[in-house]
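**Student:** Listed below, chain by chain, are the residues.
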Amino acid sequence: MELLERYLRAVKFFLPRREQDDILRELSENILSQMDDKAAEFGRPLNENEQVAILKQHGHPFVVASRFRNTPVQYLIGPVVFPFYWFVLKILFWIGLGVNALNSIALLTSGEPMRQLLGGLLDFAHTALPVFGWVTFVFALQDFFIAKFHLVDKLNQRWDPRSLPATPAPQQNVRRSQSIFGLIAGAVYVAWLLAVPYYPYLIFGPAASALRLAPEWHRFYLPVVVLAIAGLAQAAINLVRPQWTWLPPATRLACNVGALVILRFIFKTNSYVFVLVADSARGAHYETVAQIANITIIATLASVALGLSIAVIIEALRCLKEIWQWIRRRGNPLPSRIS
Amino acid sequence: MTPGTNNHDMFENLRLELRRGSLVLAVLAALRKEQYGYTLRKTLEEQGMAIDEGTLYPLLRRLESQGLLLSEWREEEKRNKRFYRLSGDGKVILKQLLAEWQRINSSLDGMVKG
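Protein sequence lines, in the order shown, are assigned to chains A and B.
Position 224 of the first sequence, counted from 1, bears residue number 224 in my numbering, the numbering being contiguous throughout.
Position 42 of the second sequence, counted from 1, bears residue number 1042 in my numbering, the numbering being contiguous throughout.
To be clear, the hints were calculated from the coordinates, so they are not data collected in a lab.
Check each hint, because a few of them may be wrong.
[What the hints assert, rightly or not] Quick list of the computed label-pair ranges, beta carbon to beta carbon:
| no. | chain 1 | residue 1 | chain 2 | residue 2 | range |
| --- | --- | --- | --- | --- | --- |
| 1 | A | V63 | B | E1045 | 19 to 29 Å |
| 2 | B | E1076 | A | F137 | 49 to 59 Å |
| 3 | A | P16 | B | R1074 | 16 to 26 Å |
[Unchecked claim] Here's a subset of chain B near chain A, in silico, CB distances under 7 Å, partners left out:
| no. | residue |
| --- | --- |
| 4 | G1021 |
| 5 | Y1038 |
| 6 | G1048 |
| 7 | A1050 |
| 8 | E1053 |
| 9 | K1081 |
| 10 | R1082 |
Keep in mind that this is a model prediction, so the values were computed, not measured.
Don't be surprised by glycine CBs; every beta carbon is placed ideally from N, CA and C.
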C-alpha cells in the first residue's frame, strides 16, 4: 500500500490544514474499501497496475484536494466588469504596438537597426506590463467596490429603459470630395518629399546654393515618407470604401503619434541646417541665416509637437467614438420592424 | 474538431448540467438508510446514478456542513468508517425537493408529450 500512502501524502499537501486529517482518513478508508472489493472480486491481492488504476480513477492529488476546498469561486475581475476591462486592455495594446512599430521604423534608419529594434521591443514590454498591471489593479478595485456596495443590484433596480442611449444615427460615409482632395494633397506632398533630396531649392529657395539640411535629417527621412504615404493610402482606400469612416481618424491618430515619435528624435539633434561655404563674406552672411533658420526650426518643431499632442487626444477621442458606434451597431442587430 | 465531436461535447456538458441537481436529490434519497462513502457510491451506481469519487466525497462533506446529513465514525469489518445518514433538516428538505422534482417532471412530461 505504499502507493496509497504516497497518494494520500500528495493530496494532504493541497488540503486546508484544519480538515487535512479528517478528509484523509475518510478518503483512505474509501479507497481501501474499493481496493478490498476489487481484491475480493479477483480472489487475490491487487498488483501495482491495478492499484494505479484505482488511484488514477480518483484523480490527480491536486484535483482531488481542490474539490474538498470550500472556498467560494474567487476572481479578480468579475463578469460584469470584465468586458470593459478586456476592451480597454485591447485598445491599449494596439495603441502601444502601433507606437512601438512607428518608433521601430524611425530606429531602422539609425546606426544599429537590429540592436535598436530589440531595445524597442524590450522598451514596449517594460512600458506595457506596468500599464496592464495598473489597468488590472484599477478594474479589480472597481470590481471590489461594485461587489461591496451591491452596485449592480442597485443599478438593476433603478434603471429605466427610457434612459438607454438613442439608436445610432445611420452611418454617414466619408465624403468623396474629401477623399479626392486628400488624394491630391497627399500625392503633391509625397512628390515634394521625394524630390527634396535632389532639389534643395524646394526647401531653401534662393539660399539653396549655400545651405543644406544637416545629415541627421537622413535618419528621419524614411519614416516621414512612410507617414505621408499612409495618409495618401487612407484617402485612396476611402475613395473605394467610403463606408470605412473609422479609417481617417485612425490613420490621423497613427500618423500623429508617429510624427511625435519622430519629433522626439529630431529634438535630440543640435543643428538642423548647415552652411556649405563657410570661409568667405558670403559664408558669414549665410552662417547668420543658418543660425536664424535653426532657431526658427526649433520653435516651429516645438509648436508642431504641441499641436500634434492636442491632435492625438482629439483623434483618440474620435476613434473611441467610432469604435463605440461600431460596437453599438454590431450589438444592436434589431429586426427591421423595430429598427 | 468535427461537428460530431462538437455535438458530443455539447451533449456531455448539458447532460452533466442536468445531472448535477439530480445528484443531490439522489444522495439525499439514498441516505435515508445509513451508509459510508464507498457503499453509497456503489448503491448509486447500481441504481443507475453513477457518480465519481471526486464528486461524491466532497458533496457528502458539503451536505453535512449544511446540516442535511449527520456522520459518525464507527468500526465495521475491523476498520473505522464514516457513516452518513439524513438529518432532521435533511428529511424536510428531501421531501420538499422530491415534491419540486415531481412538479418539474410532470411539467416536462406535459410539454414533451403535448
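**Student:** With reference to the structure, classify each hint as holding or not holding.
**Tutor:** Evaluation of the provided hints:
no.: 1; hint: A:V63 to B:E1045: 19 to 29 Å; verdict: 21 Å, holds
no.: 2; hint: B:E1076 to A:F137: 49 to 59 Å; verdict: 55 Å, holds
no.: 3; hint: A:P16 to B:R1074: 16 to 26 Å; verdict: 25 Å, holds
no.: 4; hint: G1021; verdict: 18 Å, violated
no.: 5; hint: Y1038; verdict: 4 Å, holds
no.: 6; hint: G1048; verdict: 19 Å, violated
no.: 7; hint: A1050; verdict: 12 Å, violated
no.: 8; hint: E1053; verdict: 5 Å, holds
no.: 9; hint: K1081; verdict: 5 Å, holds
no.: 10; hint: R1082; verdict: 5 Å, holds
This entry does not satisfy hints 4, 6, 7, going by the numbered hints stated previously.
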